[in-house]
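Heads up: the protein sequence lines correspond to chains A and B, in order. Quick note: the first sequence uses my numbering, first residue 1, plus one each step. Quick note: the second sequence uses my numbering, first residue 503, plus one each step.
Since the hints were made in silico from the structure, they are not lab data. Among the hints, a few may not be true.
To be verified - Using 25 Å as the maximum straight-line C-alpha spacing, the simulated BS3-like pairs for lysine-lysine come out as follows:
1. A:Lys349 / B:Lys529
2. A:Lys497 / B:Lys579
3. B:Lys529 / A:Lys497
4. B:Lys612 / A:Lys489
5. B:Lys529 / B:Lys699
6. B:Lys571 / B:Lys699
7. B:Lys612 / B:Lys731
8. B:Lys612 / A:Lys488
9. A:Lys489 / B:Lys654
10. A:Lys426 / B:Lys529
11. B:Lys731 / A:Lys148
12. A:Lys413 / B:Lys529
13. B:Lys529 / A:Lys488
14. B:Lys654 / A:Lys487
15. A:Lys488 / B:Lys505
16. A:Lys241 / A:Lys413
17. B:Lys620 / B:Lys505
18. A:Lys413 / B:Lys505
19. A:Lys489 / B:Lys781
20. A:Lys271 / A:Lys148
21. A:Lys497 / B:Lys654
22. B:Lys529 / B:Lys612
23. A:Lys349 / B:Lys810
24. B:Lys571 / B:Lys667
25. A:Lys349 / B:Lys579
26. B:Lys571 / B:Lys620
27. A:Lys487 / B:Lys571
28. B:Lys529 / B:Lys545
29. B:Lys667 / B:Lys545
30. B:Lys605 / A:Lys489
31. A:Lys489 / B:Lys809
Everything numeric in this text was worked out from a predicted model, so none of it was measured.
Residues per chain, in single letters:
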Amino acid sequence: MYNINAMGILFVLPYATWGAGLYLGVDLPGTMLIALPMSIPIALLYAYLSAAMPRTGGDYVWVSRSLHPAIGFMSNFLLSIVLIGWIAVEPAWTLQWGIAPMLQGIGMVNGDPGLIALATQISSPTSVQILGLIYFVAIALTLVRGTKWTFRVQWGMFILIVLGTLAFIVAALPGFSAFQQRFDSMSGTTVSDVINNAVSEGFVTESTIQATFLGTIFSFLNLTGYFFSAYFAGEIKNVQKSQIIAVVGGAVIFSAVMWVCYQAIYLGMGKEFFGAISYLYMTGSSNYTLPLLAPFPMFLMPYMTSNTVLIFLVGLGFAMAPLAAGLAYIFLITRNIFAWSFDRVVPTKLSSLDRRYNSPYVALILVVVLSMVAQAVWLYTNFLSYMAYGITALFLGTAITGIAGAVFPYRRKDIFEAAPAAARRKVGGIPLITILGVLTFAVSAFVATATLLPAYIGTINYNYIAAIIVTYVVAIAIYFVSSSYRKKKIPLELTFKEIPPE
Amino acid sequence: MSKLRILFVTDVHGSERCFIKFVNAGKFYNANALILGGDITGKLVVPIVEKEGTYVCELMSSQQVARSKEELAKLEKLIRDIGYYPYHTSSSELETLRSSPEKLDQLFSKLMCESVEKWMSIAEERLRGTNIECYVSPGNDDRFEIDSIISKSSYVKNPEGQLVKIGGSHEMITTGFTNMTPWKCPRDIPEDELAAKVEALTSLVENFETCIFNFHCPPCNSGLDMAPKLDENLTPVLGPGAAPTMIPVGSPSVRAAIEKFQPLMGLHGHIHESRGTVKLGKTLCLNPGSEYTEGILRGALIDIDGKKIDDFLLTAG
């Protein structure tokens with residue numbers, strides 16, 4: 001559930017528009033058939049590493065032990081920074097892509113201009129910031145009460161998100177003809193005009209394998225988060241079994257749900273129309289005339305159904321998805337900081353625990369404050385655009401974990417030999433974990449490269465790439481400043497250094 | 503008062519790999535004193551049965567087969583490294599042992615004592631002439647038979663129930679007894695008895711400012727004593743997201759003594775998953791946790807300069 005919340009089931013809706021608009025000829029359900037096998041090696045690697053080294057901190061611990069603590073810290077630090085950048089945006093997604101289309105949709109169906117106007121008002125930066133502040137305080141109050149409370153809240157959100165997903169599928173069931181009739185009468189344009197305009201501007205209606213393969217990138221990115229439970233493996237019982245279920249099971253279930261959602265989009269709006277409207281929107285065409293912020297499926301709900309309960313549930317479900325994902329991210333980051341603090345890379349004060357609930361409250365306060373600052377920076381400056389390649393950074397992190405996993409059985413023979421049998425399995429004399437490490441590296445390198453391609457984000461912006469490098473440099477600097485300070489005392493390098501066992 | 507570097511580890515639970523690392527850690531970390539704070543013995547005997555030239559055993563729910571003497575030696579080492587005691591037997595003897603808990607218990611005691619004797623010899627051999635002090639005390643899981651074996655060692659000191667001076671300067675009082683656990687281990691005692699033991703030990707101390715409390719049981723509700731809540735079948739109670747419900751299980755008496763006397767440092771173990779450090783008033787309390795099943799020696803490396811702790815680091819060596 002945690003991993004599925006981290007991935008955000010209903011995020012599939014905007015991802016579908018982006019994928020369909022950017023990769024001409026993509027078959028969205030088909031992308032899942034490629035994305036799922038790609039995710040499995042990473043899922044298994046994270047599950048096995050977490051079974052072999054079931055400690056809080058995830059790749060920080062694994063990479064530190066297999067390669068070098070500085071590399072482990074660097075990779076984990078960047079992941080945490082990227083996630084803080086994403087958290088900053090979550091309240092905006094809730095309001096602008098969840099609540100606003102819900103109000104607008106109900107307003108359109110009921111002919112209530114007041115609701116439509118309200119949808120615009122609540123999308124303002126001030127509203128977003130107010131929701132953000134309330135959200136971050138609520139998160140702090142939830143997380144400070146410990147894992148149990150956090151998961152209770154997560155379950156509550158999960159149920160609402162699942163209800164929203166089901167409502168979307170139900171809304172799509174009447175099919176394309178019903179949609180076409182409603183769209184043609186309500187939108188001021190017609191389905192045929194949208195498709196014809198898009199085709200005249202270069203849109204292709206036929207699916208191709210190449211486009212589907214490239215379009216997989218968005219489906220794969222939507223899967224980001226399926227291995228996040230590995231970052232608090234130290235807090236999970238029966239970690240070997242639990243992680244396989246959570247990480248591998250999470251990826252499989254989520255992929256199946258995404259496949260169903262993609263099919264529902266095609267069923268409810270037609271593949272050609274959805275591709276065409278997405279294309280017109282993504283290319284900034286003047287032929288995109290809908291009175292909607294974007295042709296994301298949740299915005300298109302009033303053309304699919306007149307049932308306000310379904311529109312409400314989809315809007316509420318989507319509104320919950322970013323909030324649940326943000327909660328999952330903050331939970332993960334506090335665990336990372338806790339692990340760094342334990343090893344004294346950062347001040348030990350950051351691993352102080354709340355006496356009553358045993359939660360790392362100082363780390364939590366720090367993350368919540370940083371999230372509030374990041375949100376303000378995102379709302380009022382362009383600075384966070386420098387983290388546009390955050391997803392690239394994230395997959396650079398999994399690539400580093402892939403290398404760590406590949407060499408783990410050889411560099412840390414002691415831990416490998418004492419690991420549970422499943423993690424020690426060999427295929428043709430080669431440790432399975434090594435094979436998974438190599439595959440993880442290959443998949444991650446492919447995804448990281450694909451996210452830099454013009455098709456994904458437009459022209460490559462070298463400043464954005466520099467932002468990743470700078471973050472790595474900052475992490476390395478923190479590590480070595482801390483390390484050199486401690487050289488006069490107990491050297492930091494001793495934290496993970498193996499004592500001769502013979 | 504001179505500077506001291508201490509390595510404190512705990513809960514190796516029979517892992518020979520961890521014990522050898524502990525002995526080697528003195529030179530590795532440049533430490534003046536090594537302290538192993540309890541729960542040093544294993545929990546299981548692993549019978550190895552010879553069958554038609556092969557050696558078969560059940561280890562961690564899977565069958566292991568050694569097909570040569572070399573493979574057998576490797577298998578025995580793996581069993582010892584995990585913290586169990588390998589035992590060569592026949593199918594018929596195995597049946598007898600399975601049907602007689604008393605005989606099995608005697609065998610376990612014998613193998614456990616042999617293992618502790620071997621460990622003491624290893625420590626004597628490797629540490630003699632190094633000037634590295636070595637203290638090994640029993641914990642609540644350890645049977646009483648091992649006390650005399652440790653005490654007989656010509657190098658290792660058993661500080662249980664005593665006051666010793668580390669580096670000739672810092673007093674240390676030690677007890678491996680803990681409050682009651684659901685498993686009713688050999689040194690589990692009621693809280694009031696533990697309080698009496700702690701009081702008797704503190705009465706020996708001359709200078710609390712430089713004193714070390716080496717109490718296997720962590721102070722109650724300190725964050726160093728969070729263990730999974732168990733149901734009536736001793737199964738962890740899981741909360742949402744498969745996370746076990748954690749509750750404090752440490753000793754109120756230990757906490758009260760630390761708060762009252764404010765020693766320099768409290769060294770604790772017992773709860774493997776509660777690795778951490780916490781300040782109770784002026785006292786730094788540490789629980790290095792345990793990862794013995796993975797062959798990793800978790801430790802706390804502490805630099806002491808007279809009345810103050812100069813630095814510390816939790817290690818995973």
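Pairwise hint evaluation, Lys731 (chain B) against Lys612 (chain B), where the allowed Cα distance is 25 Å at most: Violated, at roughly 33 Å.
Holds or violated: Lys654 (chain B) with Lys487 (chain A), Cα cutoff 25 Å? violated (39 Å)
Given the hinted pair Lys571 (chain B) and Lys699 (chain B), is their Cα-Cα distance within 25 Å? violated (49 Å)
For the pair we were handed, Lys529 (chain B) and Lys699 (chain B), check the Cα-Cα distance against 25 Å. Distance of about 34 Å is beyond 25 Å: violated.
Given the hint that Lys667 (chain B) pairs with Lys545 (chain B), test it: the Cα-Cα distance must not exceed 25 Å. Given that 25 Å is the threshold and the Cα spacing comes to 32 Å, the pair is violated.
Satisfaction of hint between Lys529 (chain B) and Lys413 (chain A), Cα-Cα up to 25 Å: holds (22 Å)
Given pair status - Lys810 (chain B), Lys349 (chain A), alpha carbons within 25 Å: holds (18 Å)
Within a Cα-Cα threshold of 25 Å, do Lys271 (chain A) and Lys148 (chain A) meet the stated pairing? Cα-Cα ~43 Å, so violated.
Hey, Lys497 (chain A) versus Lys579 (chain B), does the alpha-carbon distance stay inside 25 Å? This hinted pair holds, its Cα atoms lying about 22 Å apart.
Pairwise hint evaluation, Lys497 (chain A) against Lys529 (chain B), where the allowed Cα distance is 25 Å at most: Distance of about 13 Å is within 25 Å: holds.
Taking only the CA atoms, is the gap from Lys349 (chain A) to Lys579 (chain B) under or equal to 25 Å? Violated: Lys349 (chain A) and Lys579 (chain B) sit about 41 Å apart, past 25 Å.
Would the pair Lys529 (chain B) and Lys545 (chain B) pass a check requiring their Cα atoms to be no farther apart than 25 Å? Distance of about 29 Å is beyond 25 Å: violated.
Comparing the model with each earlier hint shows violations of hints 1, 4, 5, 6, 7, 8, 9, 10, 14, 17, 18, 20, 21, 22, 24, 25, 27, 28, 29 and 30; every other hint is respected.
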